[in-house]
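Participant: What follows is each chain in one-letter form.
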Amino acid sequence: MDVLANLGMGFKVAASIDGLLFCFIGVTVGTLVGALPGLGALVTITMLLPVTFYLDPVIALIMLAGIFYGAQYGNSITSILLNIPGTPSSAVTCLDGYPMAKAGRAGQALFLTAAASFVGGSLAILLLMWFAPRLASFAMHFSSADFFSVILLALVAASTLSTGSPLKGLTMVAIGVALGLVGTDINSGVERFTFGILQFKEGLSLVAVAMGLFGIAEILTNIGNAAQGTLIQKSFTLRSMLPTRDDVRLSTMPTLRGSALGSWIGILPGAGPSIASFMAYAVEKKIAKDPSRFGKGAVEGITAPEASNNAAVQAAFIPTLGLGIPGDAVMAVLMGAMLIHGITPGPQFISSNPEMFWGLIASFWIGNVMLLIINIPLINVWTRILSIPYHILYPAMLFFIAIGVYSINNSPTDVVVAIVFGVWGYFMIRYGYSGAPLLLGMIMGPMLEEYLRRSLLLSRGSFWTFVDRPMSATFIGLTALILVWPLFRRAMGGRTLAEYFQDAVRKLLRSRAT
Amino acid sequence: MGRSSDAGGPIRSQAGDLPGRTGGRAFSRNAGEICAAVSVGLLGLYLVTKGIEYSVGTFRQMGPGFYPLALGLILVAFSAGLCVEGARAEAPAEPINWRPLLFVVASVGVFALVAPRFGLIPATVALVLLSALSERSPSPGVAIGTAIGLSVAGYLIFLYFLKLPIAAFRW
Amino acid sequence: MRPMKTLAVLAAILGLTAPAQRASADDYPTKPVEIVVPFAAGAATDLLARLIAEELQGQFGQPFVVVVKPGAGGQIGTEYVAEAAPDGYTLAISTVALTSSPFVSATFKLHPVNDLTHIASIAAGPNLLLVNPQSGISTAAEFVAFAKEHPGEVNIGSWAPSVEMNIRLLEKAADIKVTPIPYQGGSAAITALLSNETQAILSTYQGVREHIQAGSLTPLGVGNLTTYQLLPDMPLLTDVGIPGYKASVTWFGVSGPAGMPRDVVDKLNAGINKALEQPKVVEFINGSLYYEVLSSDPETFQKYVSDDYEWFAEASKLAGIEPK
Chain P
0 MDVLANLGMG
10 FKVAASIDGL
20 LFCFIGVTVG
30 TLVGALPGLG
40 ALVTITMLLP
50 VTFYLDPVIA
60 LIMLAGIFYG
70 AQYGNSITSI
80 LLNIPGTPSS
90 AVTCLDGYPM
100 AKAGRAGQAL
110 FLTAAASFVG
120 GSLAILLLMW
130 FAPRLASFAM
140 HFSSADFFSV
150 ILLALVAAST
160 LSTGSPLKGL
170 TMVAIGVALG
180 LVGTDINSGV
190 ERFTFGILQF
200 KEGLSLVAVA
210 MGLFGIAEIL
220 TNIGNAAQGT
230 LIQKSFTLRS
240 MLPTRDDVRL
250 STMPTLRGSA
260 LGSWIGILPG
270 AGPSIASFMA
280 YAVEKKIAKD
290 PSRFGKGAVE
300 GITAPEASNN
310 AAVQAAFIPT
320 LGLGIPGDAV
330 MAVLMGAMLI
340 HGITPGPQFI
350 SSNPEMFWGL
360 IASFWIGNVM
370 LLIINIPLIN
380 VWTRILSIPY
390 HILYPAMLFF
400 IAIGVYSINN
410 SPTDVVVAIV
420 FGVWGYFMIR
430 YGYSGAPLLL
440 GMIMGPMLEE
450 YLRRSLLLSR
460 GSFWTFVDRP
470 MSATFIGLTA
480 LILVWPLFRR
490 AMGGRTLAEY
500 FQDAVRKLLR
510 SRAT
Chain H
0 MGRSSDAGGP
10 IRSQAGDLPG
20 RTGGRAFSRN
30 AGEICAAVSV
40 GLLGLYLVTK
50 GIEYSVGTFR
60 QMGPGFYPLA
70 LGLILVAFSA
80 GLCVEGARAE
90 APAEPINWRP
100 LLFVVASVGV
110 FALVAPRFGL
120 IPATVALVLL
130 SALSERSPSP
140 GVAIGTAIGL
150 SVAGYLIFLY
160 FLKLPIAAFR
170 W
Chain V
0 MRPMKTLAVL
10 AAILGLTAPA
20 QRASADDYPT
30 KPVEIVVPFA
40 AGAATDLLAR
50 LIAEELQGQF
60 GQPFVVVVKP
70 GAGGQIGTEY
80 VAEAAPDGYT
90 LAISTVALTS
100 SPFVSATFKL
110 HPVNDLTHIA
120 SIAAGPNLLL
130 VNPQSGISTA
140 AEFVAFAKEH
150 PGEVNIGSWA
160 PSVEMNIRLL
170 EKAADIKVTP
180 IPYQGGSAAI
190 TALLSNETQA
200 ILSTYQGVRE
210 HIQAGSLTPL
220 GVGNLTTYQL
230 LPDMPLLTDV
240 GIPGYKASVT
250 WFGVSGPAGM
260 PRDVVDKLNA
270 GINKALEQPK
280 VVEFINGSLY
290 YEVLSSDPET
300 FQKYVSDDYE
310 WFAEASKLAG
320 IEPK
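Line by line, the protein sequences are chains P, H and V.
Residue 385 in numbering that gives the first Met the number 0 sits at position 386 of the first sequence; the count goes up by one each step and never skips.
Residue 22 in numbering that gives the first Met the number 0 sits at position 23 of the second sequence; the count goes up by one each step and never skips.
Residue 1 in numbering that gives the first Met the number 0 sits at position 2 of the third sequence; the count goes up by one each step and never skips.
What the hints contain is simulated information worked out from the structure, not anything from laboratory work.
In this text, a Cβ means the ideal position worked out from N, Cα and C, and glycines have one as well.
There could be a bad hint or two in this list.
So the derived label-pair ranges between C-beta atoms look like this [unchecked claim]:
1. T299/V with S351/P: 51 to 61 Å
2. G195/P with G56/H: 17 to 27 Å
3. P376/P with M233/V: 25 to 35 Å
4. P376/P with L72/H: 50 to 60 Å
5. L19/P with S54/H: 53 to 63 Å
6. V281/V with Y154/H: 33 to 43 Å
7. A79/H with D289/P: 26 to 36 Å
8. G56/H with A14/P: 57 to 67 Å
9. R87/H with M470/P: 35 to 45 Å
10. Y154/H with P376/P: 21 to 31 Å
Once the Cα atoms are required to be at most 25 Å apart in a straight line, the calculated BS3-like pairs of lysine-lysine come out as [what the hints assert, rightly or not]:
11. K30/V with K266/V
12. K316/V with K273/V
13. K171/V with K147/V
14. K162/H with K68/V
15. K30/V with K273/V
16. K147/V with K108/V
17. K266/V with K279/V
18. K316/V with K147/V
19. K200/P with K49/H
20. K68/V with K200/P
21. K302/V with K266/V
22. K108/V with K49/H
23. K162/H with K30/V
24. K108/V with K302/V
25. K316/V with K171/V
26. K108/V with K200/P
Beyond 12 Å from chain P on every Cβ pair, some chain V residues (computed) [said to hold, decoys possible]:
27. D45
28. A187
29. P256
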């Protein structure tokens, strides 16, 4: 079909020497940057933007895009090994990845996440190839009310993220939402909770909070422990790090589900890989037969989120290339790079620049394969990190966190924020609170408020706007279902629907008989 | 969390028959957790007061204070529940590590102060040396070695390769 | 791509940049110059900065490094520069946000004219009024008629102090009432218009050009009193239904902290103007960003900024906007 012929043309561009070389550079830098806590794709792409002036436009984009999706491969590494997320979107991977590492299964975890990332990315690329324009215009039909309902659904579904008391989980979500309030309110222009500090006018830096809460708090928790310093990794051969048959069996469906979910979320402008990974985890936990396995090393808990965040990142290209609407800040920079080369992204981008579009897609395939090939042998190397004695490891971790956070905005204030949340996080973790719900609240809270207020502004105060539209109504319905389901389940006492009715009928007949 | 309090029950009543003593001991064991719960409530109250200050508005035209107010009320409600949970829960096993807390905070804090003014390398060295002090018996050789190693690695990765706009040395 | 080019790029990536030419003792610049972009990376401001920086670097032989410091509508980055030493090594890209923010944001402390030295202008472009073709409106007169029949029903996207101002001025000039809906940025507002969540927008041409060409947006006219050189066939709103309407002009320039030495300013000005003559730069500004190149000497630019500041003062009084 047309698509395959076009893809062939794309491969000619992407598989040229320059194409391969710069794709390789992009994905390698991306992996590295994703693995380093704090530093993310956005900063790196911005740094390397000037270098791309001298490159062919397609090649430039291939490299920059490679950094972007490469980061989603690398970010699970420190999550698994050190319980420190490389980027906020891999914070969920810590929940089950780190327990796996502690149980000596770090290699398996790394392998599974690499594979899941590949599947996630691939699915999204397929969508990009076949359906980009149609999917992009689908994103156009999403109104503020629809967005509000989706995010509400996500928040409610994700309240299952906590591994302790549900109340503590919800509290952390609420605190996260409160933290998201810091900054300038876009509707009224009023500054909230900024205490006169200029840096807070745009809000608290998510990465700073995440690094503090997960990274610094983690180190503080572990330093005093005598037991720290020896992680059991029995052998370092590649064979011993391959996942077991059970692992693969358990991971297949979650990976596919995560990929689908992530692709869908990535298409929506504004919803990014973090939301995708959190939601994928929440979905898996909700539908699992034995949810108590989560948080202790369940492979579903790492494969679904990793598939999801890679899918989301790859799918973010759909609105960007299909309509010229940047799905997120990195996309905006990539569009800037295109502009510099005289190419204007927009609805006609695909039809006016087919070589660029298909060249990029071909490079995505090449890049994802490269990443798989690069990451798997490196598993050996990464797991050796675990054998570094802790008293050398933790200063190194602190160093990478410190500079990672500092380099985002060249701001010492961000580092202070990380410290504050590190200390606070240390205490909260002691008392059974966990950081992931807070992160989610912080990401989604402001979005929830923005869409809520805008929807009400547009509907001139009418709440009916949330059920008038079919999509919004569906999401609200699902939200209600999720809230009501546990009560429903309890009422049924573990019986299936059929049994419930049988019991009810029996009771009725008995009471009639007497 | 509910289950664990069942386990704690019988043990507590065995350990001391004087009601006052056991009650007091259980409470002070959970002082930290109750404090955490109370602090959540305080945060909620803060949000409520600020929310009113920022003008709440109506449903139709939500003011900047609407969300904070709603959130604050929710947090206060949660805090009550958390206090109840806290009173019944077990205390954490390990004591608070004050020394690492102090030195880790100091090390990263000093990094934030030193990096913009004196450059990455001095900041790195300061961070490593200070954080090394958080161990009960720090070994200077390891610390210095790590400091040098990280300085070199940091320079290569962040300044040379990634070209971040941070000076290596700046007097 | 030619092998030499590839090697050169690789070298650049690996940090092996060409050595700086030795400049004479007290010639400016003798060390790297920082150009601060107070807005998001990848946006027009950033791209312009990088282009100019590259040219200046070629001319002066010293690195001109672009540093992105976004936040608070440009305030964070601009304040950072305003507080730096006026030695010419810390510069900022100044934009219309500078002259409009004091009238909308009570916490914007900088005085656009007094707290900065305005060195050279770069580019400027007017704002256009656009609607979604689904509304059936194709001229400004129809728009005004529609808005009069449905007061308060027309939703217009807003995302910056200057945009807010422009909307209020539109209301006054056309004697209509519309509802501004806040968005996080121009891009989000354009998306909203495309999906018919809002019905109109006041935006510069660059962000909407592709959509106009694809037929998904209809331009109604230019909100200025002089013809838009890059689109000479586009009518002026003042001629086709909204008499006397002038919206703000989106402009870009290079500024530094107040009190910079005159010879440094002149040197930079000459360098920037030379950069603005380069075909590559002109092509980018005109062809990709659809802004008109604005070249001037320091006095003219200083006056430009000061005039713009006064214009906003007048406009805010007319529109009845108070700083919050």
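Participant: Is K302/V close enough to K266/V, meaning Cα to Cα at most 25 Å?
Facilitator: Status holds; Cα separation ~19 Å.
Participant: Decide if the proposed pair is consistent with the structure: K316/V and K273/V, CA atoms, cutoff 25 Å inclusive.
Facilitator: Violated: K316/V and K273/V sit about 39 Å apart, past 25 Å.
Participant: Is the gap between the beta carbons of P376/P and L72/H within 50 to 60 Å?
Facilitator: 54 Å, holds
Participant: Is the claim that P256/V lies outside the interface with chain P correct, judged by CB distances over 12 Å?
Facilitator: Given that every Cβ of chain P is farther than 12 Å from that of P256/V, nearest at about 17 Å, it holds.
Participant: What's the verdict on K162/H and K30/V, does the C-alpha distance respect the 25 Å limit or exceed it?
Facilitator: 17 Å, holds
Participant: K68/V and K200/P: Cα distance at most 25 Å?
Facilitator: 13 Å, holds
Participant: For the pair supplied as a hint, K108/V and K200/P, is the alpha-carbon distance within the 25 Å limit?
Facilitator: 14 Å, holds
Participant: With the threshold set at 25 Å, check whether the alpha-carbon distance from K108/V to K302/V stays at or below it.
Facilitator: 21 Å, holds
Participant: Are the Cα atoms of K30/V and K273/V separated by 25 Å or less?
Facilitator: It holds: about 21 Å lies between the C-alpha atoms, which stays within 25 Å.
Participant: For the pair we were handed, K200/P and K49/H, check the Cα-Cα distance against 25 Å.
Facilitator: 16 Å, holds
Participant: Within 25 Å, alpha carbon to alpha carbon, are K30/V and K266/V?
Facilitator: 15 Å, holds
Participant: Using the beta carbons of P376/P and M233/V, state whether their distance is inside 25 to 35 Å or not.
Facilitator: 59 Å, violated
Consistency note: the structure conflicts with the earlier hints numbered 1, 3, 12, 16, 27, 28.
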